[in-house]
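Protein chains in written order, with the UniProt record's numbering: chain G, 1 to 287; chain L, 1 to 287.
Incorrect hints may have been included.
[What the hints assert, rightly or not] Reference listing, derived: stretches of chain G covered by chain L, where coverage requires no fewer than 3 residues with Cβ under 8 Å from a Cβ of chain L: (1) 10–20; (2) 35–41; (3) 111–125.
Hints are computed from structural coordinates only; laboratory data are not their basis. C-beta: ideal position from N, C-alpha, C; glycine also.
Protein chains: 2
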Amino acid sequence: MLGPGDDAAVVSASDGRVVVTTDLLLEGRHFRRDWSSGYDIGRKAAAQNLADVVAMGADPTGIVVGLGMPADTGAGWLDDLADGFRDECDLVGASVVGGDTTRCDLVVIGVTALGDLGGRAPVTRSGARPGDVVAVAGRLGHAAAGLALLQAGLDDPGGLVDAHRRPRPPYACGPRAAILGATSMLDVSDGLLQDLGHVAKASGAGVLLDPAAFTVTPEMEKAARLLGADPLEWALSGGEDHALAATFPREVRLPAEWTVVGRVTEGAGVQVRGRTPERGGWDHFRE
Amino acid sequence: MLGPGDDAAVVSASDGRVVVTTDLLLEGRHFRRDWSSGYDIGRKAAAQNLADVVAMGADPTGIVVGLGMPADTGAGWLDDLADGFRDECDLVGASVVGGDTTRCDLVVIGVTALGDLGGRAPVTRSGARPGDVVAVAGRLGHAAAGLALLQAGLDDPGGLVDAHRRPRPPYACGPRAAILGATSMLDVSDGLLQDLGHVAKASGAGVLLDPAAFTVTPEMEKAARLLGADPLEWALSGGEDHALAATFPREVRLPAEWTVVGRVTEGAGVQVRGRTPERGGWDHFRE
Numbered sequence: 001m002l003g004p005g006d007d008a009a010v011v012s013a014s015d016g017r018v019v020v021t022t023d024l025l026l027e028g029r030h031f032r033r034d035w036s037s038g039y040d041i042g043r044k045a046a047a048q049n050l051a052d053v054v055a056m057g058a059d060p061t062g063i064v065v066g067l068g069m070p071a072d073t074g075a076g077w078l079d080d081l082a083d084g085f086r087d088e089c090d091l092v093g094a095s096v097v098g099g100d101t102t103r104c105d106l107v108v109i110g111v112t113a114l115g116d117l118g119g120r121a122p123v124t125r126s127g128a129r130p131g132d133v134v135a136v137a138g139r140l141g142h143a144a145a146g147l148a149l150l151q152a153g154l155d156d157p158g159g160l161v162d163a164h165r166r167p168r169p170p171y172a173c174g175p176r177a178a179i180l181g182a183t184s185m186l187d188v189s190d191g192l193l194q195d196l197g198h199v200a201k202a203s204g205a206g207v208l209l210d211p212a213a214f215t216v217t218p219e220m221e222k223a224a225r226l227l228g229a230d231p232l233e234w235a236l237s238g239g240e241d242h243a244l245a246a247t248f249p250r251e252v253r254l255p256a257e258w259t260v261v262g263r264v265t266e267g268a269g270v271q272v273r274g275r276t277p278e279r280g281g282w283d284h285f286r287e
Numbered sequence: 001m002l003g004p005g006d007d008a009a010v011v012s013a014s015d016g017r018v019v020v021t022t023d024l025l026l027e028g029r030h031f032r033r034d035w036s037s038g039y040d041i042g043r044k045a046a047a048q049n050l051a052d053v054v055a056m057g058a059d060p061t062g063i064v065v066g067l068g069m070p071a072d073t074g075a076g077w078l079d080d081l082a083d084g085f086r087d088e089c090d091l092v093g094a095s096v097v098g099g100d101t102t103r104c105d106l107v108v109i110g111v112t113a114l115g116d117l118g119g120r121a122p123v124t125r126s127g128a129r130p131g132d133v134v135a136v137a138g139r140l141g142h143a144a145a146g147l148a149l150l151q152a153g154l155d156d157p158g159g160l161v162d163a164h165r166r167p168r169p170p171y172a173c174g175p176r177a178a179i180l181g182a183t184s185m186l187d188v189s190d191g192l193l194q195d196l197g198h199v200a201k202a203s204g205a206g207v208l209l210d211p212a213a214f215t216v217t218p219e220m221e222k223a224a225r226l227l228g229a230d231p232l233e234w235a236l237s238g239g240e241d242h243a244l245a246a247t248f249p250r251e252v253r254l255p256a257e258w259t260v261v262g263r264v265t266e267g268a269g270v271q272v273r274g275r276t277p278e279r280g281g282w283d284h285f286r287e
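Let's have the full structure, built from the sequences with the hints guiding it.
Right, dumping it as structure tokens:
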């Protein structure tokens, strides 16, 4: 409604509420300019915030960007970054409505995304009930496999490296899940086990996952062979694909984008059938 | 309506629109931890964003904070920072509704503030018309004088040093100016001359300021004597007090919080009566 160039922008919030989420991304910690182009970084920085908005069941409307960068950052790189922001927002009908730039020794990107619930109740993390099914939409473990390849100096299979550079959140599935009656939902940014641990804790319930329900693609298998890794581990613990995980009452007929991977149980914590919680570092195994 | 702890927060936007603004603050560039406490930094980071919201004529509703900080940052410092955010928000009835924290070698603070126009049109920078009066509310030059004192190793007059550490934007004046019929408004963050230059440019008009209209307090005079500086210079060019500057039709009767300091003219750029634009670095003197 009023874009960049004033003290603040004005964005539509048609139902009298606005969904808001923010993330801070740091060079070296969240991205590397030698591994990702400015365009990829813009796409990814926008994607991870837009995914948080749809995970509430809302439609993204706009983002604002705070950008710190070194004085010698090329204008081309900055244009690429802005193009990445714009193109990712275009996927969901949102716009870059404002920003702030400053000099900094490293590239720092703060993104805040806004969304509109269209009259729906927000889908939080706390509504999962024993008996609900647990389902995921979008890719799991691809970005983690891609990052592991880059860390090993490899760039093949390229599809996985691309998945690290540019996540593809299943945006449309978020608002649709709200309409279908999802009882809880979040975007998988820190790994499915850890993130479902938040749902379990907030809902006062447990989650039991079926390892056979997870898809391992030929690319994932190839990467796992190359690196001596377990592809299921990437799917369960890898972050940054920004898949959606949600719980639904058993009777809901789920569209093809959703894969049922487990169920909500009495109790607490997240269990994977047939696996012992061998890695003590996972918070979600603590009761 | 829904606070921290989920993928995103939900904030009221009662009239179907939301005002949004963001700023990125960096240690060493925007604040120093040896000059300002965590509490002061939180107050100031919130203030500068809340001031942008009221400068649109809106009432602030909430802020989200992205925070990067070194691993050795004390918990006490972080608590102080959060207290500062909360107390500054309390001044305007807003809340801290969400955030994101990450490790970083320096302290990085990204703040995004939201606001509600309550059915009013946003007051932009582009509506100033020749014949309007130019008025300011809040302090001018105090923060700049305080910073100059700190840079000279002084901490007296303490009121000015405090003004640098903790601005006091005249929050209530923003929405009230919109109701009074302000034709343009902004918050003075980069210095009055420079910021009014944005109004002049966006409005296709000029601004003529009366140097005699500016208040120079005894503290400012004392600091100027100590540092061999010109207090009027601080008032005209100093940033970070987050005063409000607005233009109003001549017939508007202004409340006491506003001081008329000039008028909108035909032409372009910002002039100060009796002063030649001796410092070439000021963008706003270019036609």
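For each hint given before, does the structure comply? Return the numbers of the non-compliant ones in rising order.
2
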